[in-house]
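Q: Sequence lines, in order, name chains A and B. First residue of the first sequence? That's 1 in our numbering, and the numbers climb one at a time after it. First residue of the second sequence? That's 1001 in our numbering, and the numbers climb one at a time after it.
Hints in this document: simulated from the structure, not taken from any laboratory. This one's a predicted model, so the numbers in the text were calculated from it and none came from an experiment. It cannot be assumed that every hint is accurate.
[Stated by the list, open to error] Listed next, with one range per pair, are the computed distances between beta-carbon atoms:
1. B:Gly1290 - A:Ala12: 23 to 33 Å
2. A:Ile194 - B:Lys1156: 29 to 39 Å
3. A:Ala159 - B:Gln1300: 25 to 35 Å
4. B:Arg1116 - A:Leu171: 49 to 59 Å
5. A:Leu171 - B:Gly1290: 19 to 29 Å
6. B:Arg1116 - A:Arg71: 54 to 64 Å
[Said to hold, decoys possible] Some chain B residues judged to face chain A by a derived CB distance under 10 Å, without partners named:
7. Tyr1143
8. Gly1151
9. Ile1195
10. Val1197
11. Val1236
12. Pro1286
13. Thr1287
14. Leu1291
15. Ala1294
16. Phe1295
17. Ile1296
18. Gln1300
19. Phe1305
20. Phe1308
21. Leu1311
[What the hints assert, rightly or not] List of simulated lysine-lysine pairs, DSS-like, C-alpha gap at most 27 Å:
22. B:Lys1186 - A:Lys100
23. A:Lys202 - B:Lys1186
24. B:Lys1283 - A:Lys169
25. B:Lys1186 - A:Lys23
Every residue gets a Cβ at the ideal spot worked out from N, C-alpha and C, and that includes glycine.
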Amino acid sequence: MANDKTNFQLVANGILAENPIFKLALSMCPAVGISTTVMNGVMLGIAVLFVQVFSSVTISLFKNVIHPRIRIPTYTLTIATWVTVIDLTLAAALPEAYAKMGIFVKIIVAFAIITMRLEMFACKEPVQASFWDGLGMGLGFLVGMVVIGFVRELLGSGAILGYDVLGFKPLLFFILPSAGFFVVGLMMAFFNYIEIAYKRSKGQK
Amino acid sequence: MMNGKALSRILGAALALLFLPAVLQAAGIISDNSFGDDNEIMVEFSTPVDGEAVQNTDNYTVFEENDPDIRLKLEEVVLAPDNMSASLRFAAPLNTTQTHVVKIEGISGKAEEIFRVSKSYLGYLFSVLIGSLLIKNFVFTKYLGLCVFFGTSKKKTTAKGMGVVFTLVMVATGIMSWFFYQYVLKPYNLTFLQIVVFIGLTSLTVQAIDTILRKVNPVLFNSFGVFLVLVIANCVVIAVPLIMASNEYNFFETFMLSLGAGGGFLLALYLMSSVSERMRLAKIPPTFQGLPIAFIVAGQFAMAFLGFSGLKLF
Chain A
1 MANDKTNFQL
11 VANGILAENP
21 IFKLALSMCP
31 AVGISTTVMN
41 GVMLGIAVLF
51 VQVFSSVTIS
61 LFKNVIHPRI
71 RIPTYTLTIA
81 TWVTVIDLTL
91 AAALPEAYAK
101 MGIFVKIIVA
111 FAIITMRLEM
121 FACKEPVQAS
131 FWDGLGMGLG
141 FLVGMVVIGF
151 VRELLGSGAI
161 LGYDVLGFKP
171 LLFFILPSAG
181 FFVVGLMMAF
191 FNYIEIAYKR
201 SKGQK
Chain B
1001 MMNGKALSRI
1011 LGAALALLFL
1021 PAVLQAAGII
1031 SDNSFGDDNE
1041 IMVEFSTPVD
1051 GEAVQNTDNY
1061 TVFEENDPDI
1071 RLKLEEVVLA
1081 PDNMSASLRF
1091 AAPLNTTQTH
1101 VVKIEGISGK
1111 AEEIFRVSKS
1121 YLGYLFSVLI
1131 GSLLIKNFVF
1141 TKYLGLCVFF
1151 GTSKKKTTAK
1161 GMGVVFTLVM
1171 VATGIMSWFF
1181 YQYVLKPYNL
1191 TFLQIVVFIG
1201 LTSLTVQAID
1211 TILRKVNPVL
1221 FNSFGVFLVL
1231 VIANCVVIAV
1241 PLIMASNEYN
1251 FFETFMLSLG
1261 AGGGFLLALY
1271 LMSSVSERMR
1281 LAKIPPTFQG
1291 LPIAFIVAGQ
1301 FAMAFLGFSG
1311 LKLF
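Sequences and hints are given; from them, build the entire structure.
A: Dropping the structure here:
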């Protein structure tokens, strides 16, 4: 079960090549729902990072004990345990930020991305590689959330992390809840455009 | 046949129980009462009343049935010209989901007249249903279940099957998790385990429906079975018990919530798949093909669904 990728490659893979939000289009709900500010994105990103890393390590540790037929329920219960841990921790430590995120912290338990990484990576690979893979995926999600939050907060309220940067509000529409769909859709189109333009320039050379 | 008869008898009894409070209310000098505007209670009298006594706000004591200690401040009482009806105006908006108790002293020779003002319970349940179906549609205003939403809204037939399966699973898990929450988690102070228990119940229900459907109705299983696998890891299904637990809903409210949530998901899938079928005929720029255009269409639907906010039927 040797893994030919270095730790750095594993992390970079999660952030760029297989970014959960923009490339795999999984776990879209929070990306649309609560990405109105950078802070929300950072908070939920950290929660997902925590759950992803710890679930990956746990499953990787016990991979030889888990019978293949009950592996999916095992993943679900492992994730649910770690989500409960982060849910209670956030509720106790940061009650204000927790109230803003509402139900989305608990919803992490149903994120397809975490189960997918456990199924595809953690149940086959050694603990150390699973840790780096989980870190990469969690960071990829965090980066995606922060980027969307950055665009929406800058254009919607002219601020970054609550500090007024522009001094005016360019497009109030972006802070509205339904704009989440538009922002994510337009950003995906933007990345597609870059990709198509890049391929075209390569093809001409 | 026997089953059908027994079922309809049970349903009839349940309906009669729900209507009972409305029948019991109409008695005494107060012939009818209801909530008017946000801060208003309307009262109708069976006989013309003494104007001065009725219009004196000191004669009134008003409170919510659950909080008898908190007296609500009455601003003024406006009596209709024929002395047969009055409107009680309050300083602050009333919480119309609660039953309000009104005591009036010294009208028409009686020392004290007490009556209760409440919304029809069926109407309230219906508003929970409409609330989760349209006003707080799980896909377009709560942004849940987007993975499955974008994945399966390409064809109308798929969307319909998916929506029906989701509704069934959500109602089943909603009811089961209500029982677990009320009779196991709460009595033993285990509410911190709700995430683990609810996700376990969801997976179990899906597995059970899968097995039962395979044996009982293979035809139905062949058309809907493929969707069942997708249900397990979906945030819409797990969201219903979590909302139920945080709002402390009772059994009927939970049923209506899960029905509305499932129906809302079906509605969203159906609307989206109708647009997707038309979109296949349209010329879409290559950068927008696939997910980007789907997101933008969903955004337009979300804006349209904003129009439902503030919808009040009862």
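Q: Each hint needs a verdict: does it hold in this structure or not?
A: Each hint, compared with the structure:
1. B:Gly1290 - A:Ala12: 23 to 33 Å: holds, 25 Å
2. A:Ile194 - B:Lys1156: 29 to 39 Å: Distance hint for A:Ile194, B:Lys1156 holds at roughly 34 Å.
3. A:Ala159 - B:Gln1300: 25 to 35 Å: holds, 27 Å
4. B:Arg1116 - A:Leu171: 49 to 59 Å: For B:Arg1116 and A:Leu171 the Cβ distance comes to about 50 Å; the hint holds.
5. A:Leu171 - B:Gly1290: 19 to 29 Å: holds, 25 Å
6. B:Arg1116 - A:Arg71: 54 to 64 Å: holds, 56 Å
7. Tyr1143: Given a least distance of 3 Å, the restraint on B:Tyr1143 holds.
8. Gly1151: holds, 9 Å
9. Ile1195: holds, 5 Å
10. Val1197: Hint holds; B:Val1197 Cβ to chain A Cβ min 9 Å, cut 10 Å.
11. Val1236: holds, 8 Å
12. Pro1286: holds, 6 Å
13. Thr1287: holds, 4 Å
14. Leu1291: It holds, given that the least Cβ distance between B:Leu1291 and chain A is near 6 Å, below 10 Å.
15. Ala1294: This hint holds: B:Ala1294 lies near chain A, its Cβ roughly 7 Å from the closest one there, short of 10 Å.
16. Phe1295: holds, 3 Å
17. Ile1296: holds, 4 Å
18. Gln1300: Where the cut-off is 10 Å and the nearest Cβ of chain A is about 8 Å from B:Gln1300, the hint holds.
19. Phe1305: Nearest chain A Cβ about 8 Å off; hint holds.
20. Phe1308: violated, 12 Å
21. Leu1311: violated, 16 Å
22. B:Lys1186 - A:Lys100: holds, 25 Å
23. A:Lys202 - B:Lys1186: violated, 63 Å
24. B:Lys1283 - A:Lys169: Not OK: B:Lys1283 and A:Lys169 at ~34 Å, beyond 27 Å, violated.
25. B:Lys1186 - A:Lys23: The hint is violated at about 42 Å.
Comparing the model with each earlier hint shows violations of hints 20, 21, 23, 24 and 25; every other hint is respected.
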